[in-house]
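Participant: Residues per chain, in single letters:
Protein chains: 2
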Amino acid sequence: MKELVFIGLGLNDENGITLKGLNEIKTSTEVYMETYTSRMPDFNLQHLETLCGKKIQFITRQALEEENGKQLLQAAENGKVAFLVPGDPFIATTHVTLRIDAEKMGIHTRIIHGISIMSAIVSLSGLHNYKFGKTVTIPFPETPAETPYNVIAQNKKLGLHTLCLLDLREPENRYLTINQAFKTLQAVEEQKQEKIVTQDTVAIGVARAGSDCPLLKAGFIKDLSSFDFGTPPYSLIFPGDLHFMEVDALIAFANAPVEFKGLFR
Amino acid sequence: MKELVFIGLGLNDENGITLKGLNEIKTSTEVYMETYTSRMPDFNLQHLETLCGKKIQFITRQALEEENGKQLLQAAENGKVAFLVPGDPFIATTHVTLRIDAEKMGIHTRIIHGISIMSAIVSLSGLHNYKFGKTVTIPFPETPAETPYNVIAQNKKLGLHTLCLLDLREPENRYLTINQAFKTLQAVEEQKQEKIVTQDTVAIGVARAGSDCPLLKAGFIKDLSSFDFGTPPYSLIFPGDLHFMEVDALIAFANAPVEFKGLFR
Numbered sequence: 002m003k004e005l006v007f008i009g010l011g012l013n014d015e016n017g018i019t020l021k022g023l024n025e026i027k028t029s030t031e032v033y034m035e036t037y038t039s040r041m042p043d044f045n046l047q048h049l050e051t052l053c054g055k056k057i058q059f060i061t062r063q064a065l066e067e068e069n070g071k072q073l074l075q076a077a078e079n080g081k082v083a084f085l086v087p088g089d090p091f092i093a094t095t096h097v098t099l100r101i102d103a104e105k106m107g108i109h110t111r112i113i114h115g116i117s118i119m120s121a122i123v124s125l126s127g128l129h130n131y132k133f134g135k136t137v138t139i140p141f142p143e144t145p146a147e148t149p150y151n152v153i154a155q156n157k158k159l160g161l162h163t164l165c166l167l168d169l170r171e172p173e174n175r176y177l178t179i180n181q182a183f184k185t186l187q188a189v190e191e192q193k194q195e196k197i198v199t200q201d202t203v204a205i206g207v208a209r210a211g212s213d214c215p216l217l218k219a220g221f222i223k224d225l226s227s228f229d230f231g232t233p234p235y236s237l238i239f240p241g242d243l244h245f246m247e248v249d250a251l252i253a254f255a256n257a258p259v260e261f262k263g264l265f266r
Numbered sequence: 002m003k004e005l006v007f008i009g010l011g012l013n014d015e016n017g018i019t020l021k022g023l024n025e026i027k028t029s030t031e032v033y034m035e036t037y038t039s040r041m042p043d044f045n046l047q048h049l050e051t052l053c054g055k056k057i058q059f060i061t062r063q064a065l066e067e068e069n070g071k072q073l074l075q076a077a078e079n080g081k082v083a084f085l086v087p088g089d090p091f092i093a094t095t096h097v098t099l100r101i102d103a104e105k106m107g108i109h110t111r112i113i114h115g116i117s118i119m120s121a122i123v124s125l126s127g128l129h130n131y132k133f134g135k136t137v138t139i140p141f142p143e144t145p146a147e148t149p150y151n152v153i154a155q156n157k158k159l160g161l162h163t164l165c166l167l168d169l170r171e172p173e174n175r176y177l178t179i180n181q182a183f184k185t186l187q188a189v190e191e192q193k194q195e196k197i198v199t200q201d202t203v204a205i206g207v208a209r210a211g212s213d214c215p216l217l218k219a220g221f222i223k224d225l226s227s228f229d230f231g232t233p234p235y236s237l238i239f240p241g242d243l244h245f246m247e248v249d250a251l252i253a254f255a256n257a258p259v260e261f262k263g264l265f266r
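Line by line, the protein sequences give chains H and Y.
For the first sequence, the positions run 2 to 266 when my numbering is used.
For the second sequence, the positions run 2 to 266 when my numbering is used.
Next up, chain H with everything else stripped away, as it sits in the complex:
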């Protein structure tokens, strides 16, 4: 059987995998895993190996990208290969090329979905899923943040919420903080002056979505800037028009100040 099964590991640790995913690993000839597309802070390799009864081989970004996944594809030509990926395997676009290459070589591919950071954040916030517009990543300060600023502006104009992932460089243990993200966006605000990200803008900071200790705090940027969110990873939501039920949710789940009662349309 020539088969490459992409298995989502979900969020935070090895217990984020589904029963389906675990069962697929158990029946695989070889098991590979990457940890560079996303962070799994509490992942325990040994525990997962015990659970599935298989040896798991790490594969580097270099081995995948520079050699076009040769190692994985060769293994999949001789059996069923499981490839473990943090979150949901294709929410990051990184592995789409590998899947296309496999299909072109006549290797059957399948996806066992995992929990995605995107739906975890939306779910934690209590905001209405169908009111989110385009998602965006806020980069480190050395890269200009005009695109995220424009995306937030466009979504707001349409009354839509913006989910912002904050950049991270896992190998360097470097994470953009919520306060840094504000500063990056405010630098664009100073040039464009569209009043999209000011001290009085409403935002929701999210830390450690998908872990056992997520933290949400809704407020005005002037208040959130000095708020201690604890350890990474972080994300941000810039709400568009808020329904009164969404305001109630932000007060109940994200400790929003009572002034939020006046925000909904």
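Just so you know, not all the hints are guaranteed correct.
Copies of the same chain are indistinguishable here, so a pair counts whether it falls within one copy or spans any two.
[To be verified] No more than 25 Å apart at the CA atoms, straight line, and that leaves these computed lysine-lysine pairs for BS3-like:
#1 LYS262 x LYS193
#2 LYS158 x LYS193
#3 LYS3 x LYS193
#4 LYS27 x LYS262
#5 LYS27 x LYS218
#6 LYS196 x LYS158
#7 LYS223 x LYS196
#8 LYS196 x LYS105
#9 LYS55 x LYS81
Just so you know, the hints here were simulated from the structure itself, not pulled from any lab data.
Fit chain Y to the given chain H structure using the hints.
Facilitator: The following block gives chain Y in isolation, referenced to the frame of chain H:
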């Protein structure tokens, strides 16, 4: 311990739950489940009860909505209650009120995330997640489809993809088909004439996302209208501007016709 833990069951069957979710059930005093917010075609209650070693009580929409979740909240005042919900517990907004009510009563709430249909569809398609705009549900023909038409139009104008969930009424075993969805949208097209949903519009039909036998077919509406997608549930994607890698993915994973090569910008 006063606690209400919302646990996502994921998609299709009981093996869609995470190890974390299963462990939470095992340590709960009482376990409730609802099956009305989404379809889990191959769900086996007895198997899940065996896996977790607990009796699972079904709760009806009536018991939750008309009685404001009284049964669940009362149980949570006396211990740790697990509430099992298809997909991710808060991607449908149905249970947000229950969580707010619990928090107001001093009952601690937590979320164990599940696979959401939204990320499963995006993941299967190979399209870039950050290029999706607002999501929309296409209703049964008795309800006008002007809103979904407008959402698709707005997203297209911005170059963004639109994910369309197709309406379903689980108790009546009634599912909007992909062909019916086209007809509903084309009725709006006839009035508005904005050339958003014509016979030559590109779309991707998705059947049984998250199951063991998902099927995707990309093509022009004139070709997809007569395509046999098999059993429900169904969903649809109307792409905006396509990157050449996205076109390659649609050819490899969704059997798109070779004319798609000319579509990307």
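Participant: Could you run down the list of hints and mark each one as holding or not?
Facilitator: Verification of the supplied hints:
no.	hint	in the structure
1	LYS262 x LYS193	neither (30 Å within a copy, 38 Å between copies)
2	LYS158 x LYS193	both (15 Å within a copy, 23 Å between copies)
3	LYS3 x LYS193	neither (54 Å within a copy, 50 Å between copies)
4	LYS27 x LYS262	neither (51 Å within a copy, 39 Å between copies)
5	LYS27 x LYS218	neither (40 Å within a copy, 31 Å between copies)
6	LYS196 x LYS158	both (12 Å within a copy, 24 Å between copies)
7	LYS223 x LYS196	within (14 Å within a copy, 45 Å between copies)
8	LYS196 x LYS105	neither (49 Å within a copy, 35 Å between copies)
9	LYS55 x LYS81	within (13 Å within a copy, 34 Å between copies)
Hints 1, 3, 4, 5 and 8 from the earlier list are contradicted by this structure; the remaining hints agree with it.
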